[in-house]
Amino acid sequence: KAGVTQTPRYLIKTRGQQVTLSCSPISGHRSVSWYQQTPGQGLQFLFEYFSETQRNKGNFPGRFSGRQFSNSRSEMNVSTLELGDSALYLCASSFSGEGTEAFFGQGTRLTVV
Amino acid sequence: GENVGLHLPTLSVQEGDNSIINCAYSNSASDYFIWYKQESGKGPQFIIDIRSNMDKRQGQRVTVLLNKTVKHLSLQIAATQPGDSAVYFCAENVNQGGKLIFGQGTELSVKP
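Protein chains in written order, with the numbering used here: chain A, 1 to 113; chain B, 114 to 225.
Just so you know, the hints here were simulated from the structure itself, not pulled from any lab data. Treat the hints loosely; a few may be bogus.
Result set (EDC-like, lysine to aspartate or glutamate): computed pairs, CA atoms no more than 20 Å apart in a straight line [stated by the list, open to error]:
| # | chain 1 | residue 1 | chain 2 | residue 2 |
| --- | --- | --- | --- | --- |
| 1 | B | 155 | A | 52 |
| 2 | B | 184 | B | 168 |
| 3 | B | 169 | A | 75 |
| 4 | B | 181 | B | 162 |
Keep in mind that this is a model prediction, so the values were computed, not measured.
Excised from the complex, chain A in its bound form (with noise of 0.2 Å):
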């Protein structure tokens, strides 16, 4: 059964750009969600998709939005980048989310320049 896949793997954006990362569950999964990772903050949750609505909210401005297709199937944008947008993206599906196992895909790194 093929993981969670995350594309593209890494991106290199100026300031003031848009950036669109997409993520592939894992299948048979409905619960996709989105972490940022940075050295300074750790992982932090940004926002959670289930059957195609947006089903938690973290604590990250606007500029960052998502959403999650009718396979499941789910994409980010961050609108208006910044320096300190740069980070590692990860996206974990699970099979309904609350207490249920979560998987990881590898992360697309973003660095803003």
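Fit chain B to the given chain A structure using the hints.
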């Protein structure tokens, strides 16, 4: 921001010894906990989980202990191997869908 605290940021052990990684969580309503292992350049890898109605769960070479009275989790790794070297995170699920709150991580270094 939200955080689950870890007692030790780094842990160095000799190959073959047992390792114990600790984690303190802050929300008494948390009912599900996961330990992850993260190697350099990779995403977190699921190791073992435990629900709040249990106080111990064993896997292959790993055991997780949960003490709800003092809101403490630990991960025990038996016969630690060089391949166990990584950063270990605990995470809690607070009955809020799939949202996980992560600890800061402990770096485990295994000396041959």
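Going through the hints against the structure:
Only pairs whose Cα atoms come within 20 Å are accepted, and residue 155(B) paired with residue 52(A) is rejected, the gap being roughly 27 Å. For the hint pairing residue 184(B) with residue 168(B), the CA-to-CA distance comes to about 11 Å; that is within 20 Å, so the pair holds. Distance restraint check for residue 169(B) and residue 75(A): the Cα-Cα separation of roughly 37 Å exceeds the 20 Å cut-off, and the hinted pair is therefore not satisfied. For the suggested pair residue 181(B) and residue 162(B), the alpha carbons sit about 15 Å apart, so the restraint of at most 20 Å is met.
Violated hints, listed in ascending order, are 1, 3; each of the other numbered hints is respected by the structure.
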